[in-house]
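Trainee: Chains R and Y are the protein sequences, given in the same order. Start counting the first sequence at 307; every next residue gets the next number (our numbering). Start counting the second sequence at 2; every next residue gets the next number (our numbering).
Keep in mind the hints are simulated off the structure, nothing from the lab. Where is the CB? At the ideal position from N, CA and C, for every residue including glycine. Keep in mind that a hint or two might mislead.
[Claimed, not checked] Here are the simulated DMTMM-like pairs of lysine to aspartate or glutamate, each with C-alpha atoms no more than 25 Å apart in a straight line: (1) Y:279 / Y:218; (2) Y:156 / Y:496; (3) R:406 / R:347; (4) Y:575 / R:344; (5) Y:575 / Y:781; (6) Y:679 / Y:633; (7) R:413 / Y:580; (8) R:343 / Y:496; (9) R:416 / Y:770; (10) R:384 / Y:770; (11) R:346 / Y:581; (12) R:406 / Y:580.
[Claimed, not checked] Label-pair distances were calculated between CB atoms; the ranges are: (13) R:345 / Y:526: 39 to 49 Å; (14) Y:786 / R:345: 22 to 32 Å; (15) R:394 / Y:715: 38 to 48 Å; (16) Y:548 / R:345: 46 to 56 Å; (17) Y:572 / R:345: 50 to 60 Å; (18) Y:715 / R:345: 41 to 51 Å; (19) Y:715 / R:431: 31 to 41 Å; (20) R:326 / Y:777: 41 to 51 Å; (21) R:431 / Y:147: 49 to 59 Å; (22) R:380 / Y:777: 28 to 38 Å.
Each chain is listed here by its residues.
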Amino acid sequence: MSIEQEVEALKNIPLFANIDPSRLKLMAFASERLIFKEGKELFHQGDAGDAAYIFIDGEADVIVDTDDGPLVVASFAKNDFVGEIAILCDVPRTATIKAKSELVTLKITKELFFNMVMDFPEMGVEVMRVLAHRIDHTTSQLTEARNALADKAS
Amino acid sequence: MEQRLFKYIWKHSKKDQIKILFLVLASMPFYFLSLDLPKSIINRAVDSQNFADINSTLSFMRFELPFGEAIFGHKVILFEGFDLTQISLLFALCFAFLGLVLVNGLFKFVINTLKGQLGERMLRRLRFELTDRILRFPVMHSRRVKQAEIATMLKDEVEPLGGFIGDAIVTPFFLGGQALTALIFIMVQNVWLGVVAMSIVLVQAFVIPKLRRRILDLGRQRQMTARALAGRVSELVEGAVEIQSHDTSNYERAEISSRLGKIFKIRYEIYQRKFFVKFLNNLLAQITPFIFYLGGGYLVITGQFEIGTLVAVLAAYKDLPPPIKDLINWDQQRNDVQIKYEQVAEQFQPSGMIDAEMQRLEEKHSPPLEGDIVASNLGLVDENENKLLEGITFTVGVDKKIAIVGNASSGKEYLGLLLANLVKSSSGSMKIGGKPMAQLPSAITGRRISYVSSEAYLFPLSVMDNLFYGLRNWMIKDSSCLPDSEAELLREKQEALRTGNIALNPNGEWIDFTSAGINDPAELVPRVTEVLRAVDFEEDVYLFGLSGIVDSENRPDIAESILGARIALKEHLKATGEEDLVIAFDPEKYNNNATLRENLLFGTPRKKQYAGNNLLAMPILRESVEEADLRDSIYNMGLSIARTMVELFMGLPPSHQFFEQFSFISADDLPEFDKIVKRADKSSFSEISDSDREALMYLPFDYVEARHRLGLVTEDVEAKILKARTIFAEKLESRDPDAVEFYDPDNYNSAASIQDNILFGRLAYGRAEAGATIGRVMTELLDDLGLRSEVIEVGLEFNVGIAGNRLSSVQRQKLALARSLIKRPDLLILNEAAAVMDSQSQNRLVPSIMEAQEDRGICWTLQRASLSQHFEYVIVMQNGKVVESGRFDELNKDGKVLKSLIDDE
């Protein structure tokens, strides 16, 4: 797969949908393409976060350590962007990501990510938009969960 | 060291000086004869009036006793001589002349050589003596001196002394004699004219040196300013980081410029005065003939003087000024070197110099230290009389594990220095085993005690040589002597001894392995490994070893084993299904994970003209590329890369770090390549200029398909590169066979590192786990094959660089600790030796070193008080005084200082 294909993949990711293709190409060029075999971990819960990953192909499970052992809470697939929280606010990884099939990713290091955001503010705005959407989404989920709990209680 | 240069010269070279003086005297008669002989040739042999006819003879080599007639009343003939005809006489006299020329030349040759030899010997002696003094500087003084200044003195400032010393005594005798002869001759002719000539000479002799006094003073200033300049210049180098990071380069420029201005001013004044003195000197020299012409001429005219006498006086006077002039020059040179000598000597006698006797060479093991360390009322003051330590009193066994704690101003560092005998106390006393510390020679303190400071110095040698540095106490065996050079070696030794140097061979066997507990060469690596492990440095050395290079000719055993590891790695990866983590070098295939250059060269360059971008300039490579029809492909790849780079990087500011990290083209060159790409896009292939092509051709050589992913290496390109590779190898084989060591799956590569030899390929790009997995597997394999110690052995050859700058500061400290530990000292003094390490490393290091020291003593001035829990005895210091001491559990209580120090951490 050449860099042009990676740029195509990046275009399909909502976070980068509105960003100029030449910028995406620079990002693809400056980032490392990493392949994870099935069963390999991208990172482990509690690790320090140094990079985010863009999924070009394949699927992965999101696993959280609980008192009853590891629990799969979600899964990611092609065009997902994971691990950005840890590099944005320097917190340890909140979950483990494990490849469910052969997984092709672009590794965006913290340094690269910040460089891109600094140099191309439109990317920063885009990141804000995506994160805001996520907060909105999470908040509504929280409200639903609260209502459900309240319903149960009453 | 003598204060006066002449005393020094006379003391160390009087025999040689007198020898040369006698030689000069012995050469005199021959010299005068050779001056006299041309006259005889003309007057006696050539002039026909002396010979009545062709057969008449004259005597040759007839010797009369000088003044014989006056003493005995008749001529005394010593040798009748030979009677020779005119032609024979001419031949005889001419050959005698030639013989005298030869004799004079030989005299001159021998005398000059002896003078040179004498000068060089004295210079060697002086330099050695100065070095000897540097080695005896007290450490507190060494900390203050500027290295560059000391080096300049030793190297440059004493240099002119060597040239002068040969002439120091001979020249004044010789020239003085000549001048005196001429003066006496004039005196004999006419007393008054003699008096005139002499008084002018006396004026010269008194006035000129007076005028020169200021010049000498300036010379002294010149020397000081030049020396200070050398010191400043070295500061510019040492402080490069500070200067650049604070943008003070222009301040430094101004500072240097002002110094240079000062030096210029001094030197200019020297010239002005020097040439004025010269002018005056010449004037005085010409005053004498002026008086002779005027006074003598008047006397002749008035008939009181004969004209013949005046002519003789003037002829004699001709011989007077040159020796006088030379004498004055000699005197100036004497003053000059005298000043240099005094200036240098002054710098090399700091107060508190270590007595030479204390550093005497002791060719046997020193007795171990036993008993107690007893400090009673120890005090230490600095040069400003500030109290650094005061009233220190304690008694503790030399074999105990002692901790000294206290904050930064507690003076604990000085106590460490006192214990190592590196600093002498100002008051009170310290005894070890009943003997006063101050009287212990370095053969005991330097061997039975080991000292590590917080910033240990490493020598620019290998890890191994640094490790054993502390065991080079005396020469155990002189092993480097080749059988046929024995006589030469003996000569060198005698030469060294006669100039007061040391006659030991630094290349002999110096390392005392038995002190390190190594009695057999086979124990070396295990013992070294043990010590390295104790300071947590073994892994580092192992890694040095992995990236180290071993020549298979020197160590065929290691090469063989490494080759085995290569096969084992391949099999291991195959078994675990991870063989795609390494893309092996295959002579038949293009390696997508290696650069284009590597794929072409397919080997490790041995000569540097085949490395890096140099390779592209090599005609052999160019021919091979041409023959494989690869030129256009490379050009097209270059164009593609340039186009992509222009597209990606054109908008970025030139200082952006992406350029450094990712771009094939530097920010400065990018606009130029932008133009090249535009030109290339507009014109057809054949129209592109050669210079544009050339620029583009350089780009693809660092291109790695798997990493850069521009899709440039097509099947067609691959095939051509493989063809070029074969052609290149064939050409190289015949034209420059040693230039490149080619990759060969079945052979060890002596130009590549151990690691590269085992891997024999490149890690696959894009495989997250590749680096870690291969690293782990490689270590496991080497352990399984029993190769770890071999790799460490290679790592021990790693050169640490100037002052150890190829190591990190932590690594430097670890090596310094190992250097002290391996000596197995009775007392190991660690003066905040672990301060550069993080807390966790310190926590690990303290017990580990305790264990390695076994039942021998340790005295550790700790940066962190809590670490004192590992020690048997704790001394707590505050403001240069011991405030409490005892066992840790006694002191670790509320109300105790130690407790508060620990709580503050």
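Trainee: None of the hints should be skipped; say for each whether it holds.
Mentor: Hint check:
no. : hint                      : in the structure
1   : Y:279 / Y:218             : 18 Å, holds
2   : Y:156 / Y:496             : 20 Å, holds
3   : R:406 / R:347             : 10 Å, holds
4   : Y:575 / R:344             : 18 Å, holds
5   : Y:575 / Y:781             : 16 Å, holds
6   : Y:679 / Y:633             : 18 Å, holds
7   : R:413 / Y:580             : 23 Å, holds
8   : R:343 / Y:496             : 74 Å, violated
9   : R:416 / Y:770             : 19 Å, holds
10  : R:384 / Y:770             : 21 Å, holds
11  : R:346 / Y:581             : 15 Å, holds
12  : R:406 / Y:580             : 21 Å, holds
13  : R:345 / Y:526: 39 to 49 Å : 41 Å, holds
14  : Y:786 / R:345: 22 to 32 Å : 30 Å, holds
15  : R:394 / Y:715: 38 to 48 Å : 41 Å, holds
16  : Y:548 / R:345: 46 to 56 Å : 32 Å, violated
17  : Y:572 / R:345: 50 to 60 Å : 23 Å, violated
18  : Y:715 / R:345: 41 to 51 Å : 34 Å, violated
19  : Y:715 / R:431: 31 to 41 Å : 40 Å, holds
20  : R:326 / Y:777: 41 to 51 Å : 42 Å, holds
21  : R:431 / Y:147: 49 to 59 Å : 57 Å, holds
22  : R:380 / Y:777: 28 to 38 Å : 31 Å, holds
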